[in-house]
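Peer 1: Below, each chain spelled out in residue letters.
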Amino acid sequence: MSETERMAISTTLEGVEKPVKTVMFRVFRFNPEKDEKPYYKDYEVPIYRFTTVLDALLYIKYNLDPTLSVRYSCRMGVCGSCGMIINGKERLACKTIVLSLNSNIVTVRPLNNLPVVRDLITDFTPFFDKHKQVKPYIIRDDVEAHYDREFIQSMDELMEFMMITNCIKCGLCYSACPTTATDELFLGPQALAQAYRYTIDTRDSGAKERFEAVDTNHGVWRCHFAGACSAVCPKGVDPAFAIQQLKKLLLYRRKKMEKRAPAHESNKPRELLKKVEYPEGWPEQ
Amino acid sequence: MPASKTIRNMRGWLAGWFRVVQVNFERWLYALHRLAGVIVGLYLIAHIVETSETLVGPEAWDSTMAFLKNPAAHTGLLIIAAAAVYHGLNGVRLYLAASGVGIGRPVRPEWPYTPVSLTSSQRNLAWIFIAVTVVLIIYAFYQLFMISLWGWM
Ligand code: HEM
Ligand code: SF4
Ligand code: FES
Chain S
4 MSETERMAIS
14 TTLEGVEKPV
24 KTVMFRVFRF
34 NPEKDEKPYY
44 KDYEVPIYRF
54 TTVLDALLYI
64 KYNLDPTLSV
74 RYSCRMGVCG
84 SCGMIINGKE
94 RLACKTIVLS
104 LNSNIVTVRP
114 LNNLPVVRDL
124 ITDFTPFFDK
134 HKQVKPYIIR
144 DDVEAHYDRE
154 FIQSMDELME
164 FMMITNCIKC
174 GLCYSACPTT
184 ATDELFLGPQ
194 ALAQAYRYTI
204 DTRDSGAKER
214 FEAVDTNHGV
224 WRCHFAGACS
234 AVCPKGVDPA
244 FAIQQLKKLL
254 LYRRKKMEKR
264 APAHESNKPR
274 ELLKKVEYPE
284 GWPEQ
Chain D
83 MPASKTIRNM
93 RGWLAGWFRV
103 VQVNFERWLY
113 ALHRLAGVIV
123 GLYLIAHIVE
133 TSETLVGPEA
143 WDSTMAFLKN
153 PAAHTGLLII
163 AAAAVYHGLN
173 GVRLYLAASG
183 VGIGRPVRPE
193 WPYTPVSLTS
203 SQRNLAWIFI
213 AVTVVLIIYA
223 FYQLFMISLW
233 GWM
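Each protein sequence line maps, in turn, to chains S and D.
Under our numbering, the very last position in the first sequence is 288; numbers go up by exactly one each time.
Under our numbering, the very last position in the second sequence is 235; numbers go up by exactly one each time.
Just so you know, these hints were derived from the structure itself, not from any lab.
Among the hints, a few may not be true.
[As the list claims (entries may be wrong)] DSS-like mimics (lysine-lysine), calculated; alpha carbons at most 25 Å apart, straight line:
(1) Lys44/S - Lys92/S
(2) Lys172/S - Lys92/S
(3) Lys37/S - Lys87/D
(4) Lys172/S - Lys87/D
(5) Lys262/S - Lys211/S
(6) Lys40/S - Lys151/D
(7) Lys87/D - Lys44/S
(8) Lys87/D - Lys64/S
(9) Lys40/S - Lys64/S
[To be verified] Pairwise CB distance ranges (calculated):
(10) Phe53/S - Ile127/D: 54 to 60 Å
(11) Asp218/S - Lys87/D: 32 to 38 Å
(12) Phe53/S - Pro153/D: 56 to 62 Å
(13) Val103/D - Thr25/S: 24 to 30 Å
[As the list claims (entries may be wrong)] Stretch-level coverage of chain D by chain S, calculated; a stretch enters the list once three of its residues show a Cβ under 8 Å from a Cβ in chain S:
(14) 137-145
(15) 179-191
(16) 198-212
C-beta atoms are modelled at their ideal positions from N, C-alpha and C, and glycine is treated no differently.
Based on the sequences and whatever the hints tell you, model everything.
Peer 2: Right under this line is the structure:
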């Protein structure tokens with residue numbers, strides 16, 4: 004190993020073995036059984052190079068204050084449970100490296116516009132209800148006709164909505180949106196983006212039902228293209244894009260979309276799963 | 083299982099509509115559009131009251147005009163002119179966006195996930211409209227102050 008290589012590795016390891024600094028975490032606390040009002044509590048947390056905000060909160064929970072409640076699951080930005088407002092901006096706690104915030108005080112509070120259950124935990128019931136309202140699934144009469152066939156879709160047709168399939172229902176967009184700030188019934192960026200995602204999908208023929216769900220007083224027209232959703236989305240969904248596209252469909256292609264025949268099936272059955280080979284000694288399945 | 087007690091936590095109009103720190107450019111445009119819409123709306127009412135003076139007679143109209151010929155009133159008119167121009171132009175941009183113009187094309191979702199709608203031509207259009215608004219503010223200043231109030235020409 005050359006000297007430069009060794010140098011490179013030692014630089015990469017810097018801040019991994021010993022904490023880089025101590026950061027003050029100012030955490031929103033609220034226990035419905037004890038507290039009349041929420042308050043902020045400060046905790047000092049040693050920060051390593053790759054400590055995430057979620058790591059820091061769990062450090063607090065394990066070492067300083069076991070009563071702190073925080074919701075998380077995957078710790079890698081795929082489950083969407085750990086959304087919160089970190090230093091004034093909606094972020095996933097597990098995908099936010101503390102040092103990247105460039106701040107010695109980190110304020111953490113629960114997402115906006117959703118009821119706070121306790122500490123950093125918000126109640127997602129209204130959010131999921133709205134997601135359901137837009138019928139986020141393929142609608143067609145023959146959906147279960149042939150379980151062994153695929154519906155034909157070209158790469159270009161897939162690209163129309165591929166980025167919107169990335170949504171992990173983390174609610175960051177819902178918290179950032181200015182319309183949800185005052186309109187409790189507004190469907191929100193996440194649900195509206197999914198409405199577009201399924202409507203534009205060529206395998207779908209549910210445009211009519213979905214248009215009825217979004218073309219309401221609290222639907223797509225309450226979007227004013229502030230773009231806050233797209234600015235905070237951690238998965239590149241770009242809800243603002245999807246919602247403007249949904250408006251476009253409603254304005255110019257409503258009838259056409261409502262009458263569109265869904266993509267047909269492949270005439271070849273899908274290659275069925277190969278028989279699994281189990282290691283010796285395993286019971287027959 | 084009903085939650086015992088929750089905090090409603092809605093941001094409300096001030097902190098929600100007019101949240102302007104750590105936000106994207108479009109959010110500023112949105113807040114300004116709203117503000118400008120209200121200003122123009124209030125002006126519409128004031129304008130109807132003002133012009134209805136003509137029903138009383140030419141003298142009433144002239145005295146109203148004389149009463150309004152002062153720096154404070156003309157500053158108000160300047161703000162209204164700016165608001166009207168910005169609101170109208172930005173309204174065109176919003177209309178185009180709702181028609182799918184200027185918001186880009188979908189991309190394959192790959193890190194670092196740049197949102198196409200916030201990096202496409204609608205943003206350049208916004209800057210052009212802001213520039214037009216600034217030019218028209220300067221023109222309105224020339225008309226309202228240099229010519230009308232200070233009588234430079
Ligand atoms: C040039 C003429 C105008 C155009 C092109 C225009 C365009 C628009 C558009 C497209 C919106 C919807 C914005 C959105 O979706 O967020 C809007 C909203 C609004 N407009 Fe206008 N407008 C014009 C004149 C006026 C006038 C004369 C008034 C006052 C009476 C007005 C007051 C408002 C208000 C209060 C809003 C709501 C603000 C908001 O939704 O954020 N507008 N305008
Ligand atoms: S659209 Fe983005 S920000 Fe909104 S819920 Fe889905 S992943 Fe989260
Ligand atoms: S814990 Fe799953 S997204 Fe953060």
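Peer 1: Compare the structure with each hint and give your call.
Peer 2: Going down the list of hints, with the structure as the test:
no., hint, result
1, Lys44/S - Lys92/S, "19 Å, holds"
2, Lys172/S - Lys92/S, "17 Å, holds"
3, Lys37/S - Lys87/D, "10 Å, holds"
4, Lys172/S - Lys87/D, "24 Å, holds"
5, Lys262/S - Lys211/S, "8 Å, holds"
6, Lys40/S - Lys151/D, "53 Å, violated"
7, Lys87/D - Lys44/S, "20 Å, holds"
8, Lys87/D - Lys64/S, "23 Å, holds"
9, Lys40/S - Lys64/S, "21 Å, holds"
10, Phe53/S - Ile127/D: 54 to 60 Å, "59 Å, holds"
11, Asp218/S - Lys87/D: 32 to 38 Å, "36 Å, holds"
12, Phe53/S - Pro153/D: 56 to 62 Å, "59 Å, holds"
13, Val103/D - Thr25/S: 24 to 30 Å, "26 Å, holds"
14, 137-145, "violated (count 0)"
15, 179-191, "holds (count 10)"
16, 198-212, "holds (count 3)"
Violated hints for the displayed structure, listed by number in ascending order: 6 and 14.
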